[in-house]
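A.B. asks: Adding 1 to a residue's 1-based position in the sequence shown gives its number in this note's numbering.
Note that these hints are calculated values from the structure, not bench results. The beta-carbon is built from N, C-alpha and C at its ideal position, and this holds for glycine as well. A hint or two may mislead.
What the hints assert, rightly or not - Quick list of in silico lysine-lysine cross-link-like pairs, DSSO-like style, CA-CA up to 30 angstroms: (1) K64 to K87; (2) K229 to K189; (3) K183 to K148; (4) K68 to K166; (5) K178 to K189; (6) K87 to K183; (7) K97 to K183; (8) K237 to K166; (9) K97 to K178; (10) K64 to K183; (11) K148 to K97; (12) K148 to K189; (13) K229 to K64; (14) K97 to K68; (15) K64 to K178; (16) K166 to K189; (17) K68 to K229; (18) K87 to K97; (19) K166 to K87; (20) K68 to K189.
As the list claims (entries may be wrong) - Just the calculated beta-carbon pair ranges, DEER-fashion: (21) G205 to A126: 32 to 38 angstroms; (22) I167 to A100: 23 to 29 angstroms; (23) S211 to D103: 29 to 35 angstroms; (24) K178 to A214: 42 to 48 angstroms; (25) S157 to D56: 21 to 27 angstroms; (26) G191 to L80: 27 to 33 angstroms; (27) E60 to Y89: 21 to 27 angstroms; (28) L187 to E60: 43 to 49 angstroms.
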Amino acid sequence: MTQRAITEALSALETSLTNKINSIPSSGGGISNLGTNAAGHIVIVGDTGDIIAGDITEEMLVKLLIKSNVYNADGTVGLIIDYANKTYERSQDATKLHAGSDYNSYAMYGGRMRCNVADNGTITAFYGDSNYTEDGSNGQVMIYQPKFYYQRTYLSDSSTAYGYKIEKESLILSPQKTIGFKLHPLFKNGNEELDYVLLPAYEGSVFDVSANAYILNNETDIDFTADKLCSIAGVKPLTGAKQQINT
Numbered sequence: 002m003t004q005r006a007i008t009e010a011l012s013a014l015e016t017s018l019t020n021k022i023n024s025i026p027s028s029g030g031g032i033s034n035l036g037t038n039a040a041g042h043i044v045i046v047g048d049t050g051d052i053i054a055g056d057i058t059e060e061m062l063v064k065l066l067i068k069s070n071v072y073n074a075d076g077t078v079g080l081i082i083d084y085a086n087k088t089y090e091r092s093q094d095a096t097k098l099h100a101g102s103d104y105n106s107y108a109m110y111g112g113r114m115r116c117n118v119a120d121n122g123t124i125t126a127f128y129g130d131s132n133y134t135e136d137g138s139n140g141q142v143m144i145y146q147p148k149f150y151y152q153r154t155y156l157s158d159s160s161t162a163y164g165y166k167i168e169k170e171s172l173i174l175s176p177q178k179t180i181g182f183k184l185h186p187l188f189k190n191g192n193e194e195l196d197y198v199l200l201p202a203y204e205g206s207v208f209d210v211s212a213n214a215y216i217l218n219n220e221t222d223i224d225f226t227a228d229k230l231c232s233i234a235g236v237k238p239l240t241g242a243k244q245q246i247n248t
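Can you build the whole structure from these sequences, using the hints too?
C.D. replies: Written out as C-alpha cells, the structure reads:
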C-alpha cells in the first residue's frame, strides 16, 4: 500500500464518519469531545452516535504496514539496519538514490549549510554569501539544520539477561510532517516547535571578553564566568592543557 493509497483510504474514512455524524438525529445520542489527548487515534462511532477514541493509533497502523513490508511514503528516505548480521539496506525513496548530491532535494540534507551567527542568534550570512567568513569577524560559524520527522520501528528483537536487544529496525526520515512520524526531539524547545537548529561547525575555542579577542592557542587563562565558547576556524580548541577546565 502506497502513501497515496493510505491517504485516500483515511480521507474516505473521514468522509464516511462525517456523513454518519451529520445523520445523527438531534434527539439521539451525544457526540463526545475527544480533546487533543486523543489526537492520532482512530475514532469509533458507537450505536448511539457517541464518538470515542479507539485503541489503534495512526502510528501503530504505520508500524504494522512497515513490519508487513507494504509501506511506502513518498518524499521520505529510510534505512533498514540488521544489527545481528551487521548489514543494512535502503528503503523508501533511498532505494533509488546514490550517496551524495542525490539527497540534496530533501530539506534535512540539502538545506543543511554553514552560516555566520551573531551572539544574539541572528544569522548574518550563509556559506557562499560575499560577507561569509570563518574567522569570527562576522559571527560564529554554525551549521544550519532544518527540522525533520522520523519513524522508527523495531522489526525483530531478542531477550537477554538485561532486557531486550534490538536485532533489526527500520528508520525513516521525512522533511515534512507525515502520518505516523514524530518530530525529532532536537527541534523541540518545551512546547515550541523549531523550524531549525544551529550546531557548531568547529570544536569549541574561547573568546576573551576582557581583551575583546579570540584565544588562538590556549595562550591565556580563561575566565569561566565571563569568557565565551566559540566556533571559528584556525584556532586551537579548548583543551585544558594550560588550565584545568571547570564545568
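A.B. asks: Hints first: check each against the structure and report whether it holds.
C.D. replies: Verification of the hints:
1. K64 to K87: The hint holds at about 23 angstroms.
2. K229 to K189: Given pair K229, K189 holds - Cα atoms ~25 angstroms apart, limit 30 angstroms.
3. K183 to K148: 11 angstroms, holds
4. K68 to K166: 17 angstroms, holds
5. K178 to K189: Roughly 14 angstroms between the alpha carbons, so the hint for K178 and K189 holds.
6. K87 to K183: 27 angstroms, holds
7. K97 to K183: Holds, at roughly 24 angstroms.
8. K237 to K166: 41 angstroms, violated
9. K97 to K178: 22 angstroms, holds
10. K64 to K183: Holds, at roughly 13 angstroms.
11. K148 to K97: Holds, because 23 angstroms separates the two Cα atoms, which is no more than 30 angstroms.
12. K148 to K189: Since the Cα atoms of K148 and K189 sit roughly 10 angstroms apart, the hinted pair holds (cutoff 30 angstroms).
13. K229 to K64: 45 angstroms, violated
14. K97 to K68: 21 angstroms, holds
15. K64 to K178: Measuring from Cα to Cα gives roughly 16 angstroms; hence the hint holds.
16. K166 to K189: 28 angstroms, holds
17. K68 to K229: Between K68 and K229 the Cα gap is close to 48 angstroms, so the pair fails against 30 angstroms, i.e. violated.
18. K87 to K97: 22 angstroms, holds
19. K166 to K87: Holds: K166 and K87 sit about 14 angstroms apart, inside 30 angstroms.
20. K68 to K189: 28 angstroms, holds
21. G205 to A126: 32 to 38 angstroms: 21 angstroms, violated
22. I167 to A100: 23 to 29 angstroms: 25 angstroms, holds
23. S211 to D103: 29 to 35 angstroms: 49 angstroms, violated
24. K178 to A214: 42 to 48 angstroms: About 45 angstroms separates the Cβ atoms of K178 and A214, which means 42 to 48 angstroms holds.
25. S157 to D56: 21 to 27 angstroms: Holds, at about 24 angstroms.
26. G191 to L80: 27 to 33 angstroms: 30 angstroms, holds
27. E60 to Y89: 21 to 27 angstroms: Since E60 and Y89 have Cβ atoms about 23 angstroms apart, the given range 21 to 27 angstroms holds.
28. L187 to E60: 43 to 49 angstroms: 19 angstroms, violated
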